[in-house]
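*Asks:* So you can see what is in the structure, the chains are spelled out below.
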Amino acid sequence: MIKVRKQVINWKWLFAVIPVALYAINNRLSMQYFELRYDVVANFWDYVLISFSDVYLLLFYIFPLILFVSTVHINRTFDYTKLIRLGSYKKWIFTKLRQLMIIDINFLLFLIAALLLTAINTPFSMEWSNVGRINTSGNEILYYLQQYFSKPFLAFILQIILLLLTIVTFQIMFCILYARFQNVSLLYFINGFMYLYGAISFKLFPASIKFVSVQNYLSLFHGVASFDSIFIPFSVMFVALMILVFIANKIDQNYKQLKNLIKRYSPLFLYGFLCFMGILFNVSNNTEGELSVWDILIVTFSGTTNEMFSLVSFVYHVVVFMGFVYLFQLLLHKYLSEMSYYMLIRYKSMYRWFLSWFPKIIIGIWLLLLTLFSVTIFIAVLIGYELTVPQNLFKIIYHFMINGFLQLLFYVLFVITVSLFTKDVFKSFITLLALTVFMLPDFSLYNSIPVGLNSMAYMLEKTSVFLTSAKLFGYILIETIILLFLLNKRDYEI
Amino acid sequence: MSLIELRNISKSYKGLTLFENTSVSFEKEKIYGIIGHNGSGKSVLFKMICGFVFPDHGGIFVNGEELGKNRRFPENFGIIIDKPGYLGDKTGFENLRYLADIQNKISDEKIKETLEKVGLHYTIKQKVKDYSLGMKQKLAIAQAIMEDQEVLLLDEPFNALDVDSVENIRGLLKSLNNEGKTILLTSHNNEDIEVLCDHVFRIRNYKLEQIK
Ligand SMILES: Nc1ncnc2c1ncn2[C@@H]1O[C@H](COP(=O)(O)OP(=O)(O)O)[C@@H](O)[C@H]1O
Ligand SMILES: [Mg+2]
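Chains as they are written, first to last, in this note's numbering: chain V, 1 to 494; chain W, 495 to 706.
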C-alpha cells in the first residue's frame with residue numbers, strides 16, 4: 001500500500017489540471033460581458049460552478065482522462081503473482097478499486113484546487129448571486145442549479161459526489177472486465193467508445209432518452225434538469241454501481257453455471273426487457289397534454305383496430321402478446337420433448353394431462369396482465385401523470401384484464417391445438433404469427449377474427465367490450481372442442 | 495380374462511407395414527420376452543400397449559377395458575420407452591419426485607430406496623444431462639418400478655448397463671416377478687431373454703409368433 005501511495009501522490013496531476021484552469025479563466029473573462037449586459041454581479045460560487053458543471057469540460061476532458069489513466073493503471077499493475085497472493089479476482093478487483101479511488105481523490109483535489117484558485121478574488125457569498133436568476137441561453141448552468149439547490153455550496157458538494165460516483169462505477173466495470181477477459185484492448189476500445197458515445201448522446205440524442213445519456217451523470221446541472229429531479233441521476237448510478245459490486249462479488253464462481261442460467265433465462269429476460277422498454281417509450285413519448293395514467297395504458301397497449309393503425313403499436317402488440325405465447329410454447333416443448341412418455345403414462349388420458357396444465361396457463365396469463373398493468377400505471381404515476389378516475393374506468397380495466405385474458409387464452413390454445421396437428425410446436429407458432437395479418441387495416445373483416453381483439457385502441461371507438469368477450473368466448477369454446485377431440489384421437493409421438 | 499389382449503391388430507406407417515391382423519394375449523404374473531430384428535416394430539408394439547399410438551385396426555384391451563374408449567393410458571403400468579424421458583437440468587431425485595407428484599402415491603423415502611435398488615445413490619447431485627448412458631438407464635428403471643406398478647413394459651431395459659448392473663437388474667426383475675408383477679421386455683441380447691422369460695414371442699411376417 002505504501003508503495004502505491006507514493007506512486008499515486010503525483011504532481012503530474014498539476015499538469016493535467018492546467019487546461020481546466022485555463023478553461024476556468026476563460027469562463028471568468030467572459031462573465032464580465034455577461035455582468036455588464038444584464039447588470040448583475042457574479043460571486044465566487046458562480047465562477048466555480050460554471051466551470052465545474054461544464055458538460056464539454058467533463059465529457060471531453062475530465063471523464064475520458066480519468067478513464068484512460070485508470071485503464072493504464074489497471075493494465076500496468078496486473079500481475080499473476082500478486083493475483084495468486086490475493087487469492088481471488090474479487091479481492092483483486094477491490095484492491096484495484098481502492099488504488100483507483102486514491103487516484104480519483106488526488107485528481108479531484110487538484111481539480112477543485114484549480115477551480116477554487118481561478119475563482120479567487122471575486123465577491124464572496126454563501127448565497128446565490130443574481131446571475132442565476134437570468135433565464136437565457138448560455139446561462140443554463142447557474143439558472144438550473146439555483147432553481148434546484150438552496151445554496152451554491154450544496155450544488156458544489158453534490159457535483160463532486162455525482163462525478164466521483166460515476167467515475168467509480170466505470171472503474172469497477174473496467175476492473176471486472178479486465179479480471180474476466182484480461183484484455184487491455186477491450187478497455188481501450190471502451191475508452192474510445194465512451195468518448196464517441198458521449199459526444200453522440202450529448203449532441204444527437206433527444207431529451208427523452210435521458211437515462212442513457214452520459215452527461216446526465218457527469219454534470220449535476222444537466223442531470224437534474226433532464227430528469228427534473230435531484231434524486232434520479234444519483235440513484236441510477238448508484239443502482240448501476242450496486243449491480244457491478246454484486247457481479248464483482250460473484251466473479252470467482254464458476255461461469256459455466258452462470259452461462260447456463262443466462263442461456264436458460266435469456267428469452268425471458270429479453271421478453272421482459274422489450275415489454276419494459278415499450279412501456280417506457282410510450283410513457284416518455286406522450287408528455288404533452290393533460291393525460292391521465294389510464295390514457296397512457298390505452299396508448300401503450302393500443303394495438304390496432306379497423307380504423308386505427310400504427311406500425312409501432314402493432315409491433316409492440318405482437319411482441320408482448322405473441323412473445324408470451326412463444327415463451328409458453330418453449331416451456332411446453334421442453335416438457336413434451338424431455339419427459340413426455342413417463343409423464344403421460346401416469347395420467348388416465350391426454351385430457352387429464354392437459355387439465356394438469358390448465359391452471360398453469362391461467363395463472364401465467366393473469367400474472368402477465370397484472371404485471372403489465374401495474375408496471376405501466378406505476379411508471380406513469382412516477383413520471384407525474386394524473387391518477388384521475390375517468391367515467392369509463394371499469395370498461396378500461398375490464399377490456400385490459402378480461403378481454404386480454406380471453407385473447408391470450410385463445411392464442412395459447414391455438415398453439416397447442418396446431419402443434420398437436422402438425423406435431424411441431426414451432427410450426428404452430430409461425431401459424432399464429434401468420435394470423436396477425438388480420439390485425440392489419442382492411443384485413444380485420446369487421447373484427448370477426450380473434451386476433452388482437454384486446455387492443456386498447458377499441459376504447460376510443462364505439463365497440464362493446466362485452467361483445468368482444470362474447471366473440472372470444474365463442475372462439476375459445478370451438479377451439480376447446482377441437483382440441484379435446486384431437487387429444488383423444490391422435491397418436492402421441494415425439 | 496387376460497391381462498393384456500391384442501385383438502386383430504394392424505399397424506403401418508406410410509406404406510411400411512409392421513403388424514397385420516395379429517392377435518395375442520399376455521397373462522398375469524409372467525415374464526414375457528419380445529424379440530425381432532431392428533425395425534420390426536417392438537417399440538411400436540409397446541407404444542400401442544401404452545396407448546400412445548393407436549392401431550389402424552383392431553383393439554387393445556387391458557384388464558378387459560379397451561384403450562381409447564374410457565381411458566387412454568392403462569392404469570398402474572411402469573414403462574421404459576426408447577426415448578429420453580427426463581428434465582436435463584434437474585437431478586435424478588428431482589426428476590423422480592416430479593413424476594411421482596403426478597399421482598402423489600409415494601414418499602421421498604420410497605424414491606430414495608428405489609434409487610439405491612437400481613444402483614444409483616440418491617445423494618448424487620449431478621444434473622441428469624451430465625449422467626452417463628448407463629446411469630440414465632438406471633433412472634429409467636427406477637421410475638418404472640418406484641410406484642410398485644403392477645405391470646412393467648420394458649423396452650431394452652439392459653441397454654448401456656455394465657455386467658454387474660445387468661446382473662443386479664436381472665435379479666431385481668426376478669424378485670419383482672416373484673412378488674406377482676407382470677413383465678414384458680424386449681432385448682437384442684438372447685441371454686437376457688433366455689434367463690428371465692417364461693414365454694417368448696418373435697415378430698415375423700407382421701405377426702407375433704410364440705416360440706417358447
Ligand atoms: N411415427 C412413425 N412414423 C413413421 N415411421 C415410424 C414411426 N414410428 C416407427 N416407425 C417405423 O416403424 C419401424 C419399427 O420401429 P420400432 O418399433 O422402433 O423398431 P424396433 O423393433 O427396432 O423397436 C421402423 O422402421 C420405424 O422407422
Ligand atoms: Mg426399439
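Think of the hints as simulated: they come from the structure by calculation, not from any bench.
Just so it is clear, CB atoms sit at the ideal spot from N, CA and C, and this is done for glycine as well.
The reader is advised that the hints may include incorrect statements.
Across the chosen pairs, the derived CB separations fall in these ranges [what the hints assert, rightly or not]:
(1) Lys-619/W with Pro-441/V: 54 to 60 Å
(2) His-531/W with Phe-269/V: 46 to 52 Å
(3) Asn-570/W with Thr-480/V: 26 to 32 Å
*Asks:* Does 54 to 60 Å hold as the CB distance between Lys-619/W and Pro-441/V, or does it fail?
*Replies:* This hint holds: roughly 57 Å between Cβ atoms.
*Asks:* Evaluate the given range 46 to 52 Å for the C-beta pair formed by His-531/W and Phe-269/V.
*Replies:* 50 Å, holds
*Asks:* Do the Cβ positions of Asn-570/W and Thr-480/V conform to the proposed distance bound of 26 to 32 Å?
*Replies:* Given range 26 to 32 Å: holds, Cβ gap about 30 Å.
Violated hints: none; the structure is consistent with every hint.
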